[in-house]
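Visitor: Build the full structure now, drawing on both the sequences and the hints.
Residue numbers (the working numbering), protein chains in the order written: chain U, 492 to 861; chain G, 854 to 936.
If you're looking for bench data, these hints aren't it; they were derived computationally from the structure.
Wrong hints could be hidden among the right ones.
Stated by the list, open to error - To give an idea of the interface, some chain G residues facing chain U are shown, with a C-beta separation under 8 angstroms as derived from the structure:
#1 859
#2 860
#3 861
#4 862
#5 864
#6 866
Claimed, not checked - Far from chain G, by Cβ distances over 12 angstroms, these chain U residues were calculated:
#7 532
#8 541
#9 606
#10 692
#11 804
#12 805
#13 808
#14 818
#15 856
As the list claims (entries may be wrong) - The calculated label-pair distances, taken between Cβ atoms and stated as ranges, are:
#16 G:863 to U:726: 35 to 45 angstroms
#17 G:871 to U:726: 36 to 46 angstroms
#18 U:689 to G:897: 23 to 33 angstroms
Where is the CB? At the ideal position from N, CA and C, for every residue including glycine.
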Amino acid sequence: MLTVATGNKAVALAVKQAKPVVVAIYPITPQTEIVEQIAQYVSQGDLSARYIDVESEHSAMAACIGASMTGVRTFTATSSQGLLYMHEMTNWAAGARLPIVMANVNRAIGPGWNIWAEHTDAMQERDTGWLQVYVSTVQEAYDTTLMAFRIAEHNDVLLPVMVNLDGFLLSHVMQPLDTVEPADFIPPLHLPHTVDPKNPMGYGTLTGPDEYFKFRWDIERSMRDSLRVIEAAHKEFFQRFGRTYGFTEDYRCEDADVVVVSMGTLGKEVEVAVDNLRNEGIRAGSMRLRWFRPFPKLDLMNRDVVVIDRDYSFGFGGVLAHSIQAKNRTGVFSVIAGLGGQEVTYDDIAGFVKNRHIGREYWFGVSDNV
Amino acid sequence: MSVRRRLAMSRPTEGAAGRTGSWRVFLPVIDRERCNQCGLCQMYCPEGAIDEDLNIDLNFCKGCGICANECPKKAIEMVREDR
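Guide: In structure tokens, the structure reads:
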């Protein structure tokens, strides 16, 4: 069905169709619309889920963990400071191998207090064992949320999935949305370590130096296996609903001399910059990274690479730029742009490409630069 | 084929953390004359080391003194143990 929705509403709609049994969410700008929408679905009887009012994000994740341990589908959503407050519990969710799906509306971290788009919030959850996917359109937010449940709950994965969408730039932007009937695209959840009141056990209790590392390895094993599961989900989604997704969205990359790598809504801006650059005779391409964890193999050999990071790791560099350099053994021009919702236009991006200097880092908007 | 272990799971067993009695510095000594067998010491014992007849299993009593502290009759005295 064709409709019009914001990114937040698209996520809520997908959640309604995925039919979680327990939803525990604490509101935070710019994610609040997701909470409101799902609360409305539940109150109107459109979604028969147990909606748990919580007093914090830490509790929201804890409630999802408890619910998920009983083997039911769970969902939560957060943003920025809320995600950071959850941090202890996000680690627990992954370690306890619970396929919780969470929408994170990317927002900068204070101070200075800022409610606009940035990816540093999710980047700080990088090493928790969550799968992370970044979307760029309302349609993609919807489609990816549906896929997230299927991927998280797959027996070879059983890890939580975080669907990231840019604050305001996507969460509050209205675009056309073609909804689907998921039917059995998301099979019923079978959690092998579901709690059984008739057979009480301790879960994730004291685990000594002789055992702990085995469970850590199992997380990594599942991360690696998830590459195949994600690919299969993309394929099945295309076969059923006709829309194509990959680990990256590549735009005019085939013959490109220079490829711009980015995540989220910036990737769509890059596509316009690529068209304009090509009109000027510069063979540019855009590679928008969707899946950040697990980190996919990227085809970036024999061309210049410009990476736009909407995040930063202080004392180190742009997280995406350095991930690409490490995984691909290639030099990049690292651009730090869009922090705290800083406006980055396609003309600005074309400028990054034209003035690229491989091996350097460039902070957009900072005079003279580094 | 063995079951894939994704999460550490355990069942309660006696002495799962070893013989915690070896940690003890103070030994609880019950004055049976004063004791009215209310059972609060058994209820509060964090190690479950006190049975229904209010005998203390010294293999697992850590000597924490919670029983002595909770006893409304002051019938339990913590005595330094020389080992």
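Visitor: Now tell me, hint by hint, if it's right for this structure.
Guide: Now for the hints, and whether the structure bears them out:
1. Of the supplied interface hints, the one on residue 859 of chain G holds, with its beta-carbon coming within about 4 angstroms of a beta-carbon of chain U, less than 8 angstroms.
2. For the restraint placing residue 860 of chain G at the interface with chain U, the shortest Cβ-Cβ distance is roughly 5 angstroms, inside the 8 angstroms limit, so the hint holds.
3. For residue 861 of chain G, the interface hint holds, the least distance from its beta-carbon to any beta-carbon of chain U being 4 angstroms, beneath 8 angstroms.
4. Among the interface hints, the one on residue 862 of chain G holds; its C-beta lies about 5 angstroms from the nearest C-beta in chain U, closer than the 8 angstroms criterion.
5. A hinted interface residue such as residue 864 of chain G counts as satisfied when its beta carbon comes closer than 8 angstroms to some beta carbon of chain U; here the least separation is about 6 angstroms, so the hint holds.
6. At about 10 angstroms, the closest approach between the beta carbon of residue 866 of chain G and any beta carbon in chain U exceeds 8 angstroms, and the interface hint on this residue is violated.
7. At roughly 31 angstroms, the least C-beta separation between residue 532 of chain U and chain G is larger than 12 angstroms, which holds for a residue marked as non-interface.
8. At roughly 23 angstroms from the closest C-beta of chain G, the C-beta of residue 541 of chain U stays outside 12 angstroms, upholding its exclusion from the interface.
9. With a closest Cβ-Cβ approach of about 37 angstroms to chain G, residue 606 of chain U is found to remain outside the 12 angstroms limit, as its non-interface label requires.
10. The non-interface label for residue 692 of chain U is inconsistent with chain G: the shortest C-beta to C-beta separation is roughly 5 angstroms, within 12 angstroms.
11. Chain G leaves residue 804 of chain U outside its interface by the beta-carbon criterion, the shortest separation being 30 angstroms against a cut-off of 12 angstroms.
12. With a closest Cβ-Cβ approach of about 34 angstroms to chain G, residue 805 of chain U is found to remain outside the 12 angstroms limit, as its non-interface label requires.
13. Separation of residue 808 of chain U from chain G is adequate, the least Cβ-Cβ distance of about 34 angstroms exceeding the 12 angstroms criterion.
14. No beta-carbon of chain G comes within 12 angstroms of the beta-carbon of residue 818 of chain U; the shortest separation is about 26 angstroms.
15. Remark: the non-interface label on residue 856 of chain U is consistent with the geometry, its nearest Cβ contact in chain G lying 46 angstroms away (cut-off 12 angstroms).
16. Our hint of 35 to 45 angstroms for residue 863 of chain G and residue 726 of chain U holds, since their Cβ atoms are close to 40 angstroms apart.
17. Residue 871 of chain G and residue 726 of chain U have their C-beta atoms about 52 angstroms apart, which leaves the hinted 36 to 46 angstroms range violated.
18. The beta-carbon spacing between residue 689 of chain U and residue 897 of chain G, approximately 29 angstroms, falls within the hinted interval of 23 to 33 angstroms.
Violation of the numbered hints given earlier is confined to hints 6, 10 and 17; the remaining hints are satisfied by the structure.
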